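> Spelled out from the first residue to the last, the chains are:
Protein chains: 2
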Amino acid sequence: MRLTAYLLSNFKQVKRMAPANVSDVEKKLHGVGLAPLDAGKLVIEKNPNPRSPPPAKGLVFGKTFSNHMLTVPWNAQTGWGQPKIGAYGPFSFDPSTVIFHYAPSLFEGLKAYRDPQGEVRLFRPDKNMERMNTSADRIALPRFDGDELVKLIKKLVDMDKDWVPFEAGYSLYIRPTLIGTQPTLGVSANEEALLFVILSPVGPYYSSGVKPVALEANPARVRAWPGGTGASKLGANYGPGILPQIEAAKQGFQQNLWLFGDEHWLTEVGTMNLFIVMKKNDQTLEVVTPPLDGMILAGVTRDSVLGLLRAHSSGEAPLAGLPKIEVSERNINMKEIVDAAEKCNLVEVFGSGTAAVVSPVNKIGYLGEDISIPVGDSGFGAVAESVLNKLSAIQWGKEEHPWSVRITE
Amino acid sequence: MRLTAYLLSNFKQVKRMAPANVSDVEKKLHGVGLAPLDAGKLVIEKNPNPRSPPPAKGLVFGKTFSNHMLTVPWNAQTGWGQPKIGAYGPFSFDPSTVIFHYAPSLFEGLKAYRDPQGEVRLFRPDKNMERMNTSADRIALPRFDGDELVKLIKKLVDMDKDWVPFEAGYSLYIRPTLIGTQPTLGVSANEEALLFVILSPVGPYYSSGVKPVALEANPARVRAWPGGTGASKLGANYGPGILPQIEAAKQGFQQNLWLFGDEHWLTEVGTMNLFIVMKKNDQTLEVVTPPLDGMILAGVTRDSVLGLLRAHSSGEAPLAGLPKIEVSERNINMKEIVDAAEKCNLVEVFGSGTAAVVSPVNKIGYLGEDISIPVGDSGFGAVAESVLNKLSAIQWGKEEHPWSVRITE
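One line per chain: the protein sequences are L and Z, in this order. The opening position of the first sequence corresponds to residue 8 in our numbering, with each subsequent residue numbered one higher. The opening position of the second sequence corresponds to residue 8 in our numbering, with each subsequent residue numbered one higher.
Excised from the complex, chain L in its bound form (with noise of 0.2 Å):
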């Protein structure tokens, strides 16, 4: 069966079936009359054994972790409770706590950079917002106003922003989280849950020099299927996937290429998105990327490059050093991938995502034979390389741009 049909009967069954839709599910979740999350009401308490940013240099993914946190505790009764930016330190949970059993957890990443003015921004946290809300009707957590919820991260920020690097590409990762906190072994609704940020000064991706990743394609692992959980951000589509990647590097692969079907489409690499350059028999250019079918993760660095290859199609904002481009969201499969290699008509994959923007993939392992990927000399090929540029650019505030937003007024 054809992807593509088989979707399209999935979702004639759904609204066959007529089953409750997701809102129905959030009015259960926020319940009519329970309080809404409210950046009003937040209380402070500074913590009152400050660290110093450590150096930059040394820095390692997700392992540093700044001054304060916030926290805002719901429940099915009342509502959201009160906000508070505390001090950073452990929570203390009942071994019984649904979080340790059952895996009802979403999350979030975004991160804040420094400007050339010295200023702090964000990158579309209207898009993480957006999308949280969406991974909680997935798992049975509470929706949010995300505009309160962008207020408390701006604030939080900016009373640790000392925490955000002046140095070149470095940056303040930020990782809100929505967790199911209610002590019991039942698997029902959740009826308690907490929301916390926490903040993480990263390096640059690139620490030393551009390193293009190996994918394996193995068909025998597969990340996500309609009518499952693929296109939410939850903790569950995240511990599954560390055997394959184990088992990918004992293959001498870096990533995952995540394919779907006994047709082999592609969906994601890693923890990533993914677009493939390929050459039309006129020889213009198509960048294709898998579309947000259900299953896919509609991630905000994937909206990003999107755009930026869509204005530049249109002439609107043209990127530096490249050609026309066609863009496709489209279904492609693994034949279509070696029938380009084979033309030599495949000219760039990279995976995107917030740690490393863009990602370049010079090999992909497949049926036990590697298809080779074109890179650059700068590890890059051309592509990936000038939305790289232009999405730092307005991200660090070197270039001005509706997506790129001060913490401060």
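Since the hints were derived computationally from the structure, they do not count as laboratory data. No experiment lies behind these values; they were computed from the predicted model shown. Don't take each hint at face value.
It does not matter which identical chain is used: a pair holds within one copy or between any two.
Think about it this way: if two alpha-carbon atoms lie no more than 20 Å apart in a straight line, the pair counts; the simulated SDA-like pairs of lysine to any residue are [stated by the list, open to error]:
id, residue 1, residue 2
1, Lys-53, Thr-78
2, Lys-70, Pro-102
3, Lys-331, Gly-375
4, Lys-53, Asp-101
5, Lys-91, Pro-102
6, Lys-91, Arg-317
7, Lys-257, Glu-198
8, Lys-53, Ile-92
9, Lys-70, Glu-198
10, Lys-53, Thr-141
11, Lys-161, Asp-122
12, Lys-162, Gln-84
13, Lys-168, Gln-189
14, Lys-286, Ile-92
15, Lys-342, Asn-82
16, Lys-218, Val-345
Go by the hints and put chain Z onto chain L.
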């Protein structure tokens, strides 16, 4: 594509790709020269403020816990640490701890039963240990010697044996859990872990008489898939099932009947395995349960029900009141269910699991139609009732059987 053909093609790809197999990962996680789990190293710190067990009446599943718990730390440098039985109480974890972000968790559920002599028994704990290690392989958590953990569980239950209820049908639920605990946001193999076991007295599943359940078979919600994690008892398999259950409840159904693929193969029900009893053309009975194909949890109760039915079938140990039965582990789809129902050949449907042992089904909602399923005056069909009686007799030690083991020699 037929399900079996699909699975076979995936299996062939696994062999062709020769990915690292699970035992390689096991070696990595166990490590050469690392300390194994050793019950002989147990240290006990008695709860200085022990509580008395509450009255058995009024117990709600998974909300009441005994005086002690077992904890065993693990890390990738030294292996398994010292097992400790101490006072039941909260864990303290850094907000960056991986369990809050990427769902590295697995668990088991088994029970301790009070036998007619007042002694305490476990039911097939070796099967839970075996599955726990299989789950650990899949989620990149460390393996351990199951016999050692059974020794520790027996000791823990013995210390809190006054929490094993004397009332008929009551038992002490045992929850072994294993979680990743390293404080880092990197998505990679677990470096630290915590194994813990907690105890919860529970009432009979059918406290106010048997209530047959109605199932919603919604093809748009999919629990597991080939190449995924459905065969492992991971937290990541449970949280995502809550929204579909809320949706089913809104349509008036108690549980989900999980289907797979475009031919709507039956897989599991809610958090239980599934049995279907059908009349064949020659009027003999066939009991069908879907095979362990990598998508289905290998339930201990499922295995026990199959064992009892086969012993009945062979004449080795006939079950009371049942005719000759053919026992089949085979794929079965909704078309076969609908056909059997139309011909009045659908005799019984029931789920099997630790909590209820067997849970009878009286209705399946499918594509907007309701399929009615007979249940006897007792609420059970004849097969479910006979199996329930036999298994309960073994579990509560009213009938000696090798599956039931006392916690002290």
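> Take the hints in turn and mark each one as holding or not.
Going down the list of hints, with the structure as the test:
no. : hint              : verdict
1   : Lys-53 - Thr-78   : within (13 Å within a copy, 34 Å between copies)
2   : Lys-70 - Pro-102  : between (25 Å within a copy, 11 Å between copies)
3   : Lys-331 - Gly-375 : neither (35 Å within a copy, 50 Å between copies)
4   : Lys-53 - Asp-101  : between (26 Å within a copy, 18 Å between copies)
5   : Lys-91 - Pro-102  : between (24 Å within a copy, 15 Å between copies)
6   : Lys-91 - Arg-317  : neither (41 Å within a copy, 60 Å between copies)
7   : Lys-257 - Glu-198 : between (42 Å within a copy, 18 Å between copies)
8   : Lys-53 - Ile-92   : within (8 Å within a copy, 37 Å between copies)
9   : Lys-70 - Glu-198  : between (31 Å within a copy, 13 Å between copies)
10  : Lys-53 - Thr-141  : neither (32 Å within a copy, 46 Å between copies)
11  : Lys-161 - Asp-122 : within (15 Å within a copy, 61 Å between copies)
12  : Lys-162 - Gln-84  : neither (28 Å within a copy, 39 Å between copies)
13  : Lys-168 - Gln-189 : neither (33 Å within a copy, 26 Å between copies)
14  : Lys-286 - Ile-92  : neither (52 Å within a copy, 64 Å between copies)
15  : Lys-342 - Asn-82  : neither (50 Å within a copy, 43 Å between copies)
16  : Lys-218 - Val-345 : neither (23 Å within a copy, 56 Å between copies)
When the structure is compared with the earlier hints, violations turn up for hints 3, 6, 10, 12, 13, 14, 15 and 16 and for no others.
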